[in-house]
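**Q** The primary structure of each chain is shown beneath.
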Amino acid sequence: QQQVRQSPQSLTVWEGETAILNCSYENSAFDYFPWYQQFPGEGPALLIAIRSVSDKKEDGRFTIFFNKREKKLSLHITDSQPGDSATYFCAASGQGTGSKLSFGKGAKLTVSP
Amino acid sequence: GPKVLQIPSHQIIDMGQMVTLNCDPVSNHLYFYWYKQILGQQMEFLVNFYNGKVMEKSKLFKDQFSVERPDGSYFTLKIQPTALEDSAVYFCASSWGGASAETLYFGSGTRLTVL
Chain A
711 QQQVRQSPQS LTVWEGETAI LNCSYENSAF DYFPWYQQFP GEGPALLIAI RSVSDKKEDG
771 RFTIFFNKRE KKLSLHITDS QPGDSATYFC AASGQGTGSK LSFGKGAKLT VSP
Chain B
18 GPKVLQIPSH QIIDMGQMVT LNCDPVSNHL YFYWYKQILG QQMEFLVNFY NGKVMEKSKL
78 FKDQFSVERP DGSYFTLKIQ PTALEDSAVY FCASSWGGAS AETLYFGSGT RLTVL
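Protein sequences, first through last, are from chains A and B. Whatever position you read off the first sequence (first residue = 1), add 710 for my numbering. Whatever position you read off the second sequence (first residue = 1), add 17 for my numbering.
Please note that the accuracy of each hint is not assured.
Straight-line alpha carbon distances no greater than 16 Å define the calculated EDC-like cross-link-like pairs of lysine to aspartate or glutamate that follow [claimed, not checked]:
| # | chain 1 | residue 1 | chain 2 | residue 2 |
| --- | --- | --- | --- | --- |
| 1 | B | LYS20 | A | ASP794 |
| 2 | A | LYS815 | B | GLU85 |
| 3 | A | LYS818 | A | GLU752 |
Ranges between beta-carbon positions, derived for each pair [to be verified]:
| # | chain 1 | residue 1 | chain 2 | residue 2 | range |
| --- | --- | --- | --- | --- | --- |
| 4 | A | ASP789 | B | PRO19 | 27 to 33 Å |
| 5 | B | MET72 | A | GLU752 | 41 to 47 Å |
| 6 | B | PRO19 | A | THR788 | 40 to 46 Å |
Covered stretches of chain A, as calculated for chain B (at least 3 residues, CB under 8 Å) [unchecked claim]:
| # | region |
| --- | --- |
| 7 | 747–754 |
| 8 | 765–776 |
The set of hints was computed from the structure by calculation and includes no laboratory data. The beta carbon of each residue, even a glycine, is placed where N, CA and C say it ideally should be.
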């Protein structure tokens with residue numbers, strides 16, 4: 711059972727454009743939603759995270775928009791750069807769901823110069 | 018930032034052999050995790066470990082799998098015996114608190130190839 715879903719699976723944008731990656735989840739107990747960035751040959755690294763008490767979290771060019779009612783969130787990357795080309799994983803965890811992160815299948819972002 | 022080190026980066030073994038994957042977590046972290054990733058796809062939770070004990074394991078954590086962290090040294094994942102379907106990249110992670118409260122820091126992974 712896929713608890714965290716991501717779309718699209720892959721996305722290509724031009725340098726300077728805004729990339730939007732979507733995520734949805736099933737478990738209402740989830741209250742913590744980190745996004746991880748992974749480059750080939752490396753482990754995932756935390757990019758930005760949001761808790762369910764907030765509807766927006768911003769860090770530089772990266773913004774998470776969160777809709778608790780619809781159980782959806784999205785990662786917006788503004789002014790995309792070629793160095794942003796990576797796979798992005800949406801993840802979730804929460805009190806009572808065990809001390810683990812559940813990951814989506816990932817979205818491969820390519821930023822063309 | 019904090020680093021999780023995994024040794025080796027690549028391991029090739031014959032089916033049926035035993036393999037031990039080693040992880041050196043961030044020094045003051047208390048929670049430890051193993052994840053499995055096939056072909057650069059989804060990260061699948063295997064197991065987490067706290068205070069010397071397995072807290073939770075998934076159905077992917079077969080009876081052939083075991084974890085330990087003897088004397089606060091490496092956090093290890095042992096597979097005995099290995100099967101072809103165990104071929105994957107295994108990521109170790111650690112955190113100070115539980116995953117719902119704290120950032121998980123991942124290592125670069127060990128690519129396991131079972132022939």
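**Q** If a hint holds in the structure, say so; if it doesn't, say that too.
**A** So, going through the hints one by one against the coordinates:
1. Only pairs whose Cα atoms come within 16 Å are accepted, and LYS20 (chain B) paired with ASP794 (chain A) is rejected, the gap being roughly 21 Å.
2. Between LYS815 (chain A) and GLU85 (chain B), the direct Cα distance comes to roughly 28 Å. Violation of the 16 Å bound is thereby established for this hinted pair.
3. The hinted pair formed by LYS818 (chain A) and GLU752 (chain A) meets the criterion: a straight-line CA distance of about 14 Å does not exceed 16 Å.
4. For the pair ASP789 (chain A) and PRO19 (chain B), the beta carbons lie near 28 Å from each other, so the given range of 27 to 33 Å is met.
5. Separation of MET72 (chain B) from GLU752 (chain A) is about 26 Å and departs from the stated range, judged on CB atoms against 41 to 47 Å.
6. Hint check: PRO19 (chain B) to THR788 (chain A), Cβ distance near 28 Å, so the stated range 40 to 46 Å is violated.
7. Residues of the region 747–754 of chain A lying with their CB closer than 8 Å to a CB of chain B number 5, which satisfies the three-residue condition for coverage.
8. A count of 0 residues in the region 765–776 of chain A with a Cβ less than 8 Å from any Cβ of chain B is obtained; the coverage claim is therefore unmet, three being the minimum.
Hint check: violations occur at hints 1, 2, 5, 6, 8; the rest are consistent with the structure.
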